[in-house]
Amino acid sequence: MMYWSELAWLIPIIPLISFVVVGFLGNKAFKRIENGGYFAILMAAVACFLSLMVAFEILTGGYPGGTFIQSMNWMTVPGFTFNMGIYIDTLTALMLIVVSFISTLVVIYSVGYMHEEGEKKRRYYAEISLFICAMLGLVLSSNFLQMFIFWEIVGLCSYLLIGFWNTKPSAASAAKKAFLVTRIGDIMFMLGLFIFFVWFQGNLDFSYIFNNVDAFLGGNDLLTLGTFFIFGGAIGKSAQFPLHDWLPDAMEGPTTVSALIHAATMVKAGVYLVARTYPVMVETPNTMLIIAIIGGITALMAATMALNNPNIKRVLAYSTISQLGYMFLALGTGGYLFFHTQETNAGFMSGMFHLMNHAFFKALLFLSAGAVIHAVHTEDMRLMGGLSKKLKITSLVMLIGCISIAGIPPLSGFWSKDEILAVVFETGAENPLFYVLYIMGILTAFMTAFYMFRLWYMTFAGEPRDHHVYDHAHESPKVMWVPLAILAALAFGSGFALFFGFSEAIQPTMFHPHAETWTQILEIVFTDVLTYLSIIAAVLGIFLAYLMYRKRSINPDVFVATPARRKIYGLLLARYGFTAAYDWIGLKVVYGVAKAVDWFDRKVIDGIVNGFAIVTIKVGNIVRRGQTGFVQSYAALVVAGVSIIVILLFLFGGVI
Amino acid sequence: MFENFPILSLLLIVPLIGSMMTFAAGKHAKAARYLALVFSGITLVIATLIIMNFSLSAPLGTEFQFDEAYDWVPMLGISYHLGVDGISMLMVFLSALLVFLAILFSWDVEERTSSYMGLMLLLDVGVLGVFTALDYFLFYIFWEVVLIPMYFLIAIWGGPSRAYASIKFFIYTHVASLFMLLGIFALYFTASPLLGAPSFDMIEIASVSGDIGHALQLIIYAALFFGFIVKMPMVPFHTWLPDAHVQAPTAGSVLLAGLLLKMGSYGIIRICVFTFPDITVEAQVLIAIIGVLSIVYGAFACLAQTDLKKMVAYSSISHMGIVLLGIATLTDLGMAAAVFQMFAHGLITAVLFMTCGMFQHKAGTREIPLLGGLAPKVPVLSTVMMIGFMASLGLPGLVGFVAEFSVFTATYDFFDLWVIVPIASVALTAAYYIWAMQRSIFGSLTTKIDTEHIHDAYWFETVPLAVLIGLIALFGIYPRLVMDIIVPSIPRILTGVI
Amino acid sequence: MPLPWDFIIFLFVAAVTIIAALAVLWSKEIVRSVMWLTLAFLGVAFTYLFLGAEYLAIIQITIYVGAVAVLMLFGIMLTKRRLLGGGRDE
Amino acid sequence: MALDYSALYPVLVMVIFAAALPAVNLVAKSSRSLAGVSVVGILSSMGFVIYYMLNGYPAMMGGETVLLLRLDVFAALFALVFQFVALYVVLASARYIEKDRHQAEYFSLIMLATSGMIVVAMAVDLISLFVGLETASLSSYALVAFRKRDKRGAEAAVKYLVIGGMSSALSLYGISLLYGITGTTNLEGINSGLAAMSSGLNPAAWLAIAMLLAGFGFKVAIVPFHQWAPDVYEGAPTPISGLLAAGSKKMGFVAMFKVFLVALIALKADWQILAAILAILTMTIGNVVALQQTNIKRMLAYSSIGQAGYMIIAIAVASQFAVESSIFHIITHAFMKGGAFMVVAALSYVALGESIADYKGLGRRAPLVALSMGIFLFALAGIPPLSGFWSKVFLFSSAIDASQVVDQGWMVWLAIAGILNSALSLYYYARVVKYMFVDDGPTTERLKIPLSLSAAIAICLVATIAIGIWPEPVIDLCEQAARALVPLLG
Amino acid sequence: MIAIEYFIGLSAILFIIGAVGVLTRKSAIVVLMCIELMLNAANINFVAFSAYSGNMNGMVFALVSIAIAAAEVAVGLAIVLNLYKARDTIGLDEVNLLRW
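Keeping their order, the protein sequence lines are chains E, V, L, C and A. Heads up, the first sequence is in the working numbering, so the first residue is 1 and it goes up one at a time. Heads up, the second sequence is in the working numbering, so the first residue is 1001 and it goes up one at a time. Heads up, the third sequence is in the working numbering, so the first residue is 2001 and it goes up one at a time. Heads up, the fourth sequence is in the working numbering, so the first residue is 3001 and it goes up one at a time. Heads up, the fifth sequence is in the working numbering, so the first residue is 4001 and it goes up one at a time.
Hints may be right or wrong, so weigh each one.
The list that follows gives simulated cross-link-like pairs (lysine-lysine, DSS-like), each with its CA atoms no further than 30 Å apart [as the list claims (entries may be wrong)]: (1) C/Lys3148 / A/Lys4085; (2) E/Lys567 / E/Lys588; (3) V/Lys1362 / E/Lys120; (4) V/Lys1377 / V/Lys1027; (5) C/Lys3151 / A/Lys4085.
Stretches of chain C that chain V covers, calculated by requiring three or more beta carbons in the stretch to come under 8 Å of a beta carbon on chain V [to be verified]: (6) 3114-3127; (7) 3389-3399; (8) 3420-3434.
These are computed hints drawn from the structure, not numbers from a lab. Glycine is no exception: its CB is placed at the ideal position from the N, C-alpha and C atoms.
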């Protein structure tokens, strides 16, 4: 019998074909089809179709054993085996759906959004195809090394796409920052890989490692270190504190790219990595604790930074960081709890659930923002306002996205966020620190609701602030708003997956998940006081935003009313000084050392080398002057030579 | 297929004849070009034939393949002994390939074309000889033969201060080789009595080197090692390299970095490790420190450069440090990865120097601050540069990653978490490349140079680059093609170590 | 004990030879130098006699005194007058 | 007791030809025909030597009691070297002196000088050694002064004469002391005499060592007895500079080997380190001073000094392998350095200056000659696979070899010094090469080198390359020669 | 018989005088003479050693060296005269065209 999964290896290959064909075949061939756009869509769609089939097969248990594994030898060195292959379990399936589906929509949307870019579009479609390929490859990887390979290619693609408008210095700079900062995480990832590679007897296959966690020979401390380093990779890629600062800058890329990065690829890779490593991670509670703490801090900090930012895309970027923080919080908490109780908990599930939901509503939000930008040609919300009249569809779908992210039931964001907060609170029983994290989570929820609605109100509600901008605004073409509509539907409804066995399907086997009916779930959710707490926080946030930006009963200027407040306001705008710190490290410390090394190299090391040469030549010239040209001085030297030899012989006798 | 046919000699003779004929072409530049291309092409074909007939299944520890041995000066035990194992096989192929591509890339050299092409072929002879020689004396001769064409290439076709750079290169590396020679002779004199007959044969000497007194071994080792690390070059004996590279013509830089540096690391593997396993084990940490120092120091130095080519030159130091680090692990993985890195660096650095040369050629400068925003003007060149940089900074999917990852894995395996130090330089590497790219091809179009007449790559530039990039990607995606050649030869190198 | 006449004579000859040799250095004029040199050569010839090498003594006189010194004189004479002043010693 | 003179035939042939040349001059006026006659003389002399080499050497000349000359493989090898040097010098001179007067005497003197050198090579007694040495020296004094109108030539000759005369006086005095100590002038006799005397402290012997070092050190131009050499090489007619560097200097080495390694070997402990110090001094000063020279002949002269330093290593090391290597280096150097001087001669014949800067762009003006020069210079620098590489390498390695003996560890410093110097020397050799091939000259007009000069260069070139590619026969000969010279050394 | 030391002493003194002359006198001809003195000093040695050891080699050597010395004077004088012709001086302190 033939399984769809056996075709899974094609999934990353198909966009790769698109990359090669579009990227290297020249402009002429693609002039007619949006410079390759339609081809890219076709390929993405095929990949998406395959992904959906495979995912469906795996999620429904269509494949015997539940996990599809395929592997081939990539390279062998005595003691180490490098394999390449396919590993599909339910987690992979989930990611396949998210990635391929959103990517396809983004590519479709791009046809409208990037229409005016001319020949550069070809590069765009090629790169975005590669991006999709890399992310799908990452998801399908059968071992850590392969994952790392695609991980890096994802980084490369983000670099290329963020720097798509590379003639803009700020874009080039942002791309550089994205690449370099995530690379720091990658290095940690690599370290983790080394630890795994060496102490798992030279085998990095998931199937081997997950089934033989006990085979780790390095002891638990080292395992903790290993998992921590692996998580380090996620810190970089998923823009977690303290490596989060590249993400806001990455908004220099086209909005579609931002959507892709934030919703489907790149930043989700980090979460996926931690989820993928879960069977090992749960053995190391300390790592889990760190993950949870970093997740919590990130969630809160990013949310604060989003509060006052005037740039529509940046706000969304901060919100992504913040939501990613939630995901890590969930994963970390779940693992920590599991280690201590050895019982199933919702941490892992809620994290991944949030990942999926977030993928949909963040894609929706970004693409909507893209539509707005497309319409008004600015990203500054202070120039917008009242656009809901002109951009009816956009304003509507965006509103859905905002509600969803704010966590208002029954939209998707609510379900996952609620699960996360619940499990964090539950873990507080094990470690009081989690209560703190819970409070941070609630605060974040409040802020999220606030800044999202601030964004919506500033953009769509009220009176237009800049009539020039307003007058030129127009609704997006169909090719753009149709994907938006699809995403809106999903953002609205993806949360209901919870009622259709999402939980059981997605949990790792070691959790021994048990099925719950949808009534049970609803009962659990809505009998808990905490649920209402989070809803209240969200509603409060929305209400505050309404008061300030819609009704204007509170003047937003209160935040800058006093010097202290202005300072805080500025601090938030300056991203807590992280940007400056990065620059300082880069320009002052690293570049300073580099300058010093260069100086040392030229003056000291090369100086010594050249010094030898100079001294030799100088000595030569001095000795040369001894050759006076007077023969009697030569004779004198002969006599002196003889005398010295005689004296030496007499002094030292037979020894000299 | 070639059991009794002296194919390795043929490999050396063909470029030699080609070189003579090319020199003889004199003023007929066009003839010289085609002659050089044809002969280097034949060399490449022969090298390819050899590699295709290279037996991968030969049992571990078997002798060298395509072995040829004739007496030369039997009185002193000097013989003409050639042979290849997996390590040298790879280097032979790389040499033949790079020379061929470099000749093609130099298609537009107008000044003294025949000499230029002839010297390239002569260089080919020397390098191929170094990688196939199994006799110390022969090895040394080829080693030195390499210097002369390179000296001329730099001195005649080089940049403004070529006189300084060429003589510095010449003398610096000559000093090192002389010390190596000293070591070779000391080895010869101590090993010959142990063998009962004078011999310069690498394999025979290695079989008795363990019986040499420890102190003497140490001295010999130091002399040889010094000779090799200057060639590689490792910090602090590296300062000839940036000068030589900056001044050398593009093809010269390609061969200098692509092949000549490999001679050093090849020597360490083939001679130091193979012949003196005990000392190598003792010096292991020191070797690793030198390697790491070069990696980090080179990376920092790169960051401070404003000349694109100088930056790439320093990056060579950094990347050759990775080779040394791999060797220092003395594990199968590390050693194999070191060889892989030699190969990878050969391919990558060729691309990098070619792009630098094209910038010089087309934009008239390599100074990064003067460049900027050229990507739309020269899309092919920019793309190639980007791929080259990415390969060099160890992007997976390209050949450099496999090597670096393996080396660092082996380093972790052996030196534990000290691997953090060299691996941190990976970020630095990314930093200087990305930063250089940001300033040279991205951003707004420069006004400091005339950008009106910049022409993108010509066909003879595109073809070699395309070939190289194709190989970089091919071996990056499927490294087994290379690794399977290397791996069987490693245990033999390491027999004494384990 | 009889006086060691041969010894005394040897000492005399030696003294003459040495003084003549020194005079070669000291004299201002080259011609004088040649004369003193001739004397020194003669002294050496006499010394040979003390050593029982009569044949050598004769050779010494004929070659050195007869040939070399004369050659030198001729050499000096054949050149211009200024040379006779002893070159640049003044 | 009838003497067997057959060992003397090679020398006699040369002397007869030398004597006959002025007579020949009456019939054949041109320098070319004179050179032709000389070449015939040299070749026939060479024929004798080769005949003896192939068919066994004649008995010693001088009977049983007073052994004066012996033609053995050592002597024959050096005789051949000197003859080769004479050959190419004569060839080069054929056109070089075509406008000078006294051409017949010029060639005579070259032949005489060569025969003196051969006598030195054959000598087994200090008397014959001294006679040969002086014959060669006196001839070369005259040769240096050959161009009478040339201010520099006259100056060079006087300098050569003064230092040469003083040096022969020094060596003669040293020899007399040795004779006084041992009562014999036979080289091996001196050695056994010295060995028989067990007194550790022997001031007379030390004085003799010092004086002999100075006396013969003058010939080979070791520091500090070297200062005449650059002046004389620069001032002499260029072929004669070649003769001095390639012939006369080698004769000095032969004499030194005979005196130190045969006669004084019993006192090895006294002079070994001294010789080592002198070797290092010589090579260092020679090379360091050569760096900044602007006159090519002068540069070559200093390079000769440096090379002499390498050759002295043999005396310092005093092992058979070292002597063998040194002989080898002497032979290769005779061709490399001689060749270089021949190139200079050829170029000055076509009115190119002697300044190194004049060689700019030579690669285009006279490609083959420039290439030859490049090969000679690289050979001198010791770049493989040229002849100089092998011999230099063997020399240094002989020091390493010997350093493995107990108490001789310091000898490795000779090798290290040699190596550093070798690298240093590369600088000034490469500089010339750079001028020739890299830089552009003021003109690209072709230079036409006459055939005889080309032939002289070709002899050196062939030898330099052939020995480089196939060194074995020469090494074999050198080993035999070393064994014949110093059978006692290990 | 007179002790050999006296002869050796005489020879040494003559040798040193000769050497001093070579170093100090400016006239090339005088320098040549001084060289002859040195050679003569060596000859005294030879003859003395020969006489005291009964070995004839020393005498032979002295004979040979006298002959050589004569030849050397002849050549030397010619060269000095040549110098005079070419440079109009025989002062050794005036000829230093060739130097450094």
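* **Hinted pair C/Lys3148 and A/Lys4085, Cα distance within 30 Å** => With a Cα-Cα distance of about 8 Å, the restraint between C/Lys3148 and A/Lys4085 holds, given a limit of 30 Å.
* Would you mind confirming whether the straight-line C-alpha gap from V/Lys1362 to E/Lys120 stays at or under 30 Å? => 23 Å, holds
* **C/Lys3151 paired with A/Lys4085 [C-alpha distance capped at 30 Å]** => 9 Å, holds
* Asked: Under a C-beta cut-off of less than 8 Å, do 3 or more residues of the stretch 3420-3434 of chain C approach chain V closely enough to confirm the stated coverage?
  -> Holds, because 9 residues of the stretch 3420-3434 of chain C bring their Cβ atoms closer than 8 Å to Cβ atoms of chain V.
* To do: Three residues minimum, CB to CB under 8 Å: does the stretch 3114-3127 of chain C make the cut for coverage by chain V? Let me know.
  => violated (count 0)
* To do: Mind checking the alpha carbons of E/Lys567 and E/Lys588 for me, to see if they're no more than 30 Å apart?
  => 25 Å, holds
* Asked: Straight-line Cα separation of V/Lys1377 and V/Lys1027 no greater than 30 Å?
  -> 36 Å, violated
* Asked: According to a criterion of three or more residues whose C-beta lies within less than 8 Å of a C-beta of chain V, is the stretch 3389-3399 of chain C covered?
  -> n = 4 at 8 Å, threshold three: holds.
Going through the hint list in order, the structure does not satisfy hints 4 and 6.
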